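Enquirer: Chain by chain, the residues:
2 protein chains.
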Amino acid sequence: MRAEIISVGTELLLGHIVNTNAAYLSKKLALLGIDLYYQTTIGDNPARLVSALKQAFSRSDIVFTTGGLGPTVDDITLSSICSATFKEFTFNKKIEKCIARHFRKRGLKKMPRDAARQAYIPRGACWFENNVGTAPGTLIEHGEKIIFALPGPPRELIPIFEKNVIPYLKKKGLTGKWIIKTKTIKIVGLVEAEVNKIVKDLLSAGPATTLGIYVHLGEVDLKITSKAKDGKAVEREIKKLEKEIRKRLGKYIYGVDSESLEYVVGKMLAGKRPKGVPSTAIKNIGREGKKTLAIAESCTGGLIANRITNVSGSSKYFKMGIVAYSNEAKVNLLGVSKGKIKKYGAVSKQVALDMAKGVKRLSKADVGLGITGIAGPKGATGKKPIGLVYIAVAGDKIKTVKKCLFIGSREEIKLQASTAALDLLRKIGTVPEGDCPYFSNS
Amino acid sequence: MRAEIISVGTELLLGHIVNTNAAYLSKKLALLGIDLYYQTTIGDNPARLVSALKQAFSRSDIVFTTGGLGPTVDDITLSSICSATFKEFTFNKKIEKCIARHFRKRGLKKMPRDAARQAYIPRGACWFENNVGTAPGTLIEHGEKIIFALPGPPRELIPIFEKNVIPYLKKKGLTGKWIIKTKTIKIVGLVEAEVNKIVKDLLSAGPATTLGIYVHLGEVDLKITSKAKDGKAVEREIKKLEKEIRKRLGKYIYGVDSESLEYVVGKMLAGKRPKGVPSTAIKNIGREGKKTLAIAESCTGGLIANRITNVSGSSKYFKMGIVAYSNEAKVNLLGVSKGKIKKYGAVSKQVALDMAKGVKRLSKADVGLGITGIAGPKGATGKKPIGLVYIAVAGDKIKTVKKCLFIGSREEIKLQASTAALDLLRKIGTVPEGDCPYFSNS
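Residue numbers (my numbering), protein chains in the order written: chain F, 26 to 467; chain S, 26 to 467.
Check each hint, because a few of them may be wrong.
Because identical chains cannot be distinguished in the list, a pair is counted as satisfied if it fits within a single copy or across any two copies.
Straight-line C-alpha distance at most 25 Å; calculated DSS-like pairs for lysine-lysine [stated by the list, open to error]:
| # | residue 1 | residue 2 |
| --- | --- | --- |
| 1 | LYS341 | LYS403 |
| 2 | LYS292 | LYS403 |
| 3 | LYS300 | LYS206 |
| 4 | LYS365 | LYS389 |
| 5 | LYS341 | LYS365 |
| 6 | LYS367 | LYS389 |
| 7 | LYS130 | LYS408 |
| 8 | LYS130 | LYS428 |
| 9 | LYS119 | LYS222 |
| 10 | LYS365 | LYS112 |
| 11 | LYS363 | LYS389 |
Since the hints were derived computationally from the structure, they do not count as laboratory data. These numbers come from a predicted model, not from an experiment.
Between the sequences and the hints, there should be enough to build the whole structure, so can you do that?
Expert: In structure tokens, the structure reads:
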């Protein structure tokens, strides 16, 4: 089964809204084992829509349209489907009743006059009630081809798709015989080109199992997608590939799927042994029990604390965060030595370490993190460029300082610096001092 | 001039990512007066891409492709453009040098071998340096048609579009005769339904000038779009509508266009008089000079400090942030009274105010902000639901505490709370004590 999506709406072509429907339907179709080769967006123009529909019939089995079902003259999807399939546009009394009920439920006694326009559908079409809005979903058969016309607002489209479209496709045996699963392996501390070099031969692993590389700022995802005729075979294939990836990229892998770096670090502090933390780091942080963290931030301005506290339950291990933007705060609150600031500058290895030690002492936490740098766009000096960041971790028996250089806007530098800092925590005590390999991915 | 966009990437057809590039380019093209009739998404499949390119040449003057410019074998955009335009795929030494420099700048001495793949372009093509990533933007002429091949990551695509593509289109006289401008009026402290009620009659202002409502979490945007044949007429129309909106929604408007709430608050602290700050608030903060801010956060966990420090130059007015997650930190560092925590609880008006005063005292800042609440999903007690947040502002002569209730996930509650806190700073000393009208938009 081959499907394609035609999104209808001038507002999409003007960029007023982002087409999240296409992404939603695409994801669902992949999981249903239905191949999708095209997404097309057309404005509220009948001639262009009719021609796009005809092209779709020539190359796909199922066509999904989204949008253009409203009550105004701009809403042309169903009339265009009629033109493309040579069907009559007919009034449906039952739909009109549904629409009237919809308005009554919302306290409007009289149905707005234009609303009845939404009771017209192609002759012979099936329709699905819309419990959120007024435009029903419509299913039109055209020879061997099937067209689903779905409303544009995601909160109307999604329920109709889940409640009506998926069961229909399954009942008619139109879904793939295949079971498709995905697993995302999350990597930090290595750029895309490096990851690519290491896994290149796996990228074309086979027709049933594929590996994709996706890049985020400061992170790389490897996504395994596998399909097979039974669930166990899929799991087995994914496991096999994951094992090989872990063998090659082990220490750079911090988690899978929806796990965030802050979640993994939190688990480690909470005394668990997440897979994404090196075993020596677990030993260093202490296996025996729960540890607490305190953070002193300069250039990241609270972002690391914010990420740590995005994890529910973080109050158990996060003791304190200090955003010490000024030298005054660094000296008075964190006990950073004035002399060091004068000698080495506020952005230096020595100050980062003093910050980590200072916040550890102040909060009586087990681990202190200190970070200082230049987020830009101003603040660079002769020897210290924008993006230069020092990150220090101090435990009872451990101290590490890393020097990093990031590229990007102020917010991008902050984000990358926070990721590198969380990664240094993840690998606590296992990383030798020195320059950090982190830099912007592209 | 007719344009169309072809987005390339199997990840789009699998729904792994949402196509924000198409929305971005569409919006920009509308502003340039270039008509856009089609957006198409194709997977990493050369045959289908070549056929989509040929179709695009048959109906459009300018074709934009996005994505598929990476260093891997999956990246097929430029080789497909070569096939569709009968051009040779050639190695460009200058591009290779740029890529090598990109890696050097990031501290990698050796360029990964595959990276050089990105130095291939169609023979005779122009290219635009990518200052963020490694894939250059490319401009290919094919008879009367023009193709721009742009990289997929938005942070690479946008700078190339702004710096290279727009000037090129303007220079070649390819932009439209209509001048279209937009202005966004940014509103905080009022939900969509309320805003809608107040401006409903303006929504259908006329064919040349339109007003749209766009909702973000905790904020509402009113977007004015106007087109005319000369720039002055457009400005006049926008100004007229803006004036009417300001008359009706005055105190809820904090800024326009790209101004963020933290930017406006920063400007106010820096001694400026931004339009989005009530004049009494300016008087309260003191017109005469620059003021400093310190923040004590509990439930927002550093998010407010992070937002404040996202503004370049914030080091001038932001003295210190304390993330006092634990009662211990609240008492020892901020001097919150133990008795009050016991009597009223850590999430209370009294503790919020003590936090604001405490951080003001500790940092010697002019203004202290304190915030405490329950971000969830755990932590609710009988009388204190998830989403309950107290926000306090303390100046030399001012103190205000607001009680708010937000709905949403942990991160959504944190975001709304940070917005309400920044808004309270914006209106410093002009808001009566009591319950806060902020709540989740829907």
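Enquirer: Output the indices of the hints that this structure fails to meet, ascending.
Expert: Structure breaks hint 10 only.
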